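Note that the protein sequences, when read in sequence, are chains A and B. When you line the first sequence up against full-length UniProt numbering, it's residues 1 to 213, in that order. When you line the second sequence up against full-length UniProt numbering, it's residues 1 to 701, in that order.
If you're looking for bench data, these hints aren't it; they were derived computationally from the structure. The structure presented is a predicted model; accordingly, all values stated were derived computationally and were not measured. Any given hint might turn out to be false.
What the hints assert, rightly or not - Covered stretches of chain A (in silico footprint by chain B; criterion: 3 or more residues with CB under 8 Å from a CB of chain B, positions within the stretch not fixed):
hint, segment
1, 105 to 114
2, 134 to 141
3, 172 to 180
Glycine included, every Cβ here is placed at the ideal spot set by N, Cα and C.
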Amino acid sequence: MIKKTANFFTYLFIFTAFVACSDDDDNGPDLIAVESSTATNVPAPQTGGQGEPVGGPFTKFSFSTGAVTTSDTEWDIAFRGTSIAVNGGVVTGTDDEPERNGDAGVSIESGTFADITTAEGLTFAQDADGAFAIASGSDNGWYNYNPATFTITPIPGKILVFRTHDGKYAKVEILSYYKDAPAEIDAMSDEARYYTFNYVYNPNEGETSLTIN
Amino acid sequence: MNLNKCRLSLFLSLIACLHVIGQENSPSQKDSILTENLDEVVVTATRTIRQLSSLPLPVTLIAKKQLQQTGFTRLNEILNEQTGIIMTPDATIGGGEGVQIQGIASDYVLVLIDGVPVVGRSSGNLDLSRFAIGNIKQVEVVKGPSSSLFGSEALGGVINIITEKPSSEKINGQVSHRMASFNNQNTNLTINQKWKKLGYSLFADRLSTDGYDLAPTQEGQTINPFYNYTLNGRLYVDVSDTWNVFASGRYFYQEFDVAPSTSEEQDLNLHLKVNHKATSKSQLQYELYYTNYVTDEKSIDPIDNELLIANDFDQRLFRPEIRFNHTFSPQNILTIGAGYNFEHLERSLFAGDVTFESQYLYSQFDFKPLDDFNIIIGARFDNHSEYHSQLSPKISGRYDLSPNFAIKGSVGSGFKAPDFRQLYLDFTNAAGGGYSVFGKEVEQAGIERLQENDEIATLQVDASELGEPLDAESSIGYNLGFVVKKGKLSTELNFFRNDFKNLIDTRILASKTNGQNVFGYINRDRVYTQGLEMDIRYKPWKDLNLSAGYQLLYAYDKDKREAVKNGEVFARDPETLQTVRLSTSDYFGLENRSRHTLNAKIFYEVPEWDANANIRVTYRSQFGLTDQNGNDLLDVYDGTFAKGYALVNLTFGKTFFEHYQLQLGANNLLDFKGNNPLATQDNEVLLNPGIQLFTKINIQF
Chain A
1 MIKKTANFFT
11 YLFIFTAFVA
21 CSDDDDNGPD
31 LIAVESSTAT
41 NVPAPQTGGQ
51 GEPVGGPFTK
61 FSFSTGAVTT
71 SDTEWDIAFR
81 GTSIAVNGGV
91 VTGTDDEPER
101 NGDAGVSIES
111 GTFADITTAE
121 GLTFAQDADG
131 AFAIASGSDN
141 GWYNYNPATF
151 TITPIPGKIL
161 VFRTHDGKYA
171 KVEILSYYKD
181 APAEIDAMSD
191 EARYYTFNYV
201 YNPNEGETSL
211 TIN
Chain B
1 MNLNKCRLSL
11 FLSLIACLHV
21 IGQENSPSQK
31 DSILTENLDE
41 VVVTATRTIR
51 QLSSLPLPVT
61 LIAKKQLQQT
71 GFTRLNEILN
81 EQTGIIMTPD
91 ATIGGGEGVQ
101 IQGIASDYVL
111 VLIDGVPVVG
121 RSSGNLDLSR
131 FAIGNIKQVE
141 VVKGPSSSLF
151 GSEALGGVIN
161 IITEKPSSEK
171 INGQVSHRMA
181 SFNNQNTNLT
191 INQKWKKLGY
201 SLFADRLSTD
211 GYDLAPTQEG
221 QTINPFYNYT
231 LNGRLYVDVS
241 DTWNVFASGR
251 YFYQEFDVAP
261 STSEEQDLNL
271 HLKVNHKATS
281 KSQLQYELYY
291 TNYVTDEKSI
301 DPIDNELLIA
311 NDFDQRLFRP
321 EIRFNHTFSP
331 QNILTIGAGY
341 NFEHLERSLF
351 AGDVTFESQY
361 LYSQFDFKPL
371 DDFNIIIGAR
381 FDNHSEYHSQ
391 LSPKISGRYD
401 LSPNFAIKGS
411 VGSGFKAPDF
421 RQLYLDFTNA
431 AGGGYSVFGK
441 EVEQAGIERL
451 QENDEIATLQ
461 VDASELGEPL
471 DAESSIGYNL
481 GFVVKKGKLS
491 TELNFFRNDF
501 KNLIDTRILA
511 SKTNGQNVFG
521 YINRDRVYTQ
531 GLEMDIRYKP
541 WKDLNLSAGY
551 QLLYAYDKDK
561 REAVKNGEVF
571 ARDPETLQTV
581 RLSTSDYFGL
591 ENRSRHTLNA
601 KIFYEVPEWD
611 ANANIRVTYR
621 SQFGLTDQNG
631 NDLLDVYDGT
641 FAKGYALVNL
651 TFGKTFFEHY
661 QLQLGANNLL
671 DFKGNNPLAT
681 QDNEVLLNPG
691 IQLFTKINIQ
701 F
């Protein structure tokens, strides 16, 4: 297990290093470079569940800072358990939910991470009364629950394209729901509710491109 | 193949030694076990008596002698050694075992006793270890669809258990006891007599075992201790030259020792058949059949004796049928039949009691337009109270190019009615997190009920789709075979293809506010299985039978294959966890299918010693149990593949003082245990409990 985690980070390092290297200066002078990043172990604790009412604060994340935030307005997406909220639309009605005050939305696309090159022409869904834009439940939204191994894994080929709260674009591939993103998950010992995801964020106003160059 | 060569060669040389010693002696004509005899006849392929070697269909016949010499006591054991027939474990750990024919799962295989169907399936799977084979004349397996004669469920094949008719005027029979590993104790008694116009046959069988455990690190046993009884009485009366009557009653009772919980199973079959030879060329058969299958399961908390789950199941089928045969000439036979099915089910997970009615009519013409050319055409019409009626035609033909070479081919359709569960299940799993499953007929009401209780978060399907009736699942099967016989060698090669459509799958109807889903059923999947089966039989000496069988199988979901081809299916790289696109070669195909299965058998007899020995090897190549990475298909990135394995079974038998037979043997001689790939880390789960030694004593009188 330790070895595999180490492996993963090696890959991650190589990948990030590669991305950093290829990050040349083709962009126009006014544009900020589009970068690929990885968010690791974003905690998403929740209370309740298993038939009990679900509660607890969402962990909010901002693409522009690339970090977890406590701001009530400057956040794009938020995590609690397997639920992912977007800062757009209205509250779904679950307990301890953050107020939606931005214009964020999500479009779930099929492909590899590299396949998704632009947010142009996509339709973005927002949270609504009674339903998250990313539908809850196994095989509905972003994850699959395997009842034989009791594990939650991202559905392969589901790339989440977000419009951020302030109208910029990002694409996300969730890699793991478990702490330190183990390659082989043991539901008994690995700690759940930790998101690790790759993302590409285009910080330029009005730019829909999601490729790095 | 993990064959222990030393041990294997030891046994092989032992058999060889027996032969050398046995050579010295006399000719005595005994029936062969594996090669086809001219007098071998089957009834399942056409519902008339037909010589096996002349049939245009792929049929496997397991004769009594083979049943006896292997020392097996249950139907599943003997089937597993036949070419293209595999007993596959359920994907779930500790789940049941189902038969697979031409890559088609147990749900689509019809099982008959003396031509009438048995009922009582658990999640579509019929447990074949329920059927004791101590009183059986032969087992007939017709591969490919036979719905043109038998109606629903006969898509992959039909397994017909043929009981033995009494023939001797003296009371005769046998009593035997078999002891095997896991404290497996099997006693049975058979009594037969044919006295003038009256014949009867009685059979009683008791089996008990301590069971076994495939997951030693987990609580409880995989197979709990159980005992069961089978009682069967049959009566044959020749009322006159033109009228005869057959009546049979069978009762099976099984109980698992899972105290304080209970688990019981009962199976009753009553069968009455009256034959009337109306003229020398015409014959009428009147048949009444009733069967009742009951399970009673109560799961009780061992600490506070609280009832956790009660799962009761009570299925009944009553069927009158009339058949008419007219023989225009010995090679031209017309068959017409009609019947009525009354089915009834009570189950604790259903909204209420359920009743089905269906009527059917079938006809078949078996004729020879040329001396060496046989054609059988047939069709059946099933009219059902709950789903669209079905017309199932079939045509098959055989051309004997020479006495040594024949070509045979058939095209036929099969169907399977939606089962009770797919229509009427109303189940919410409180213990399993609160998901719900609704059958088609109750899904609309179920969703409305949940909506009223504010349990539905989002409806995932259009509300107008709810409750739209299901269609029967259906298939078309193609078989093309070649038979070559030359002296001591006979070979049979059969190419098959089965195209299935409208297979019923579960789908998500809605997500619930508790984060779980509501599931319903839908006609969706299109799959195919194709491949070839080959049987080679060789009889170098009169007392030695060698045979080998092979099946090559490709089984895929058509839509999933198409999606993979179009680059629409993804997996996650197990190292980087990133999405990768699957290529066609990454899609492994349907679950639980092995590309290659093999069997090889040696049966040897030493008449002057009254002894026999046999060794049988079966092998199946790698197979995958379930999708693991969430893309809903089995691909090379899934870690759920069980490695290929071989099982070796061996039996020695000897007769003493004419009436006493002693058998010694080992099933799974090489003690294969395997690893279930679904086991969680640090928990080993086996595929097979390992070697099972047995000894059996049989007294004939």
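Each hint tested on the structure:
Remark: the segment 105 to 114 of chain A is confirmed as covered by chain B, as 4 of its residues place a Cβ nearer than 8 Å to a Cβ of that chain, reaching the required three. With 6 residues bearing a CB less than 8 Å from a CB of chain B, the segment 134 to 141 of chain A meets the requirement of three and the coverage assertion stands. Beta-carbon proximity to chain B at under 8 Å applies to 3 residues in the segment 172 to 180 of chain A; the threshold of 3 is reached and the given coverage holds.
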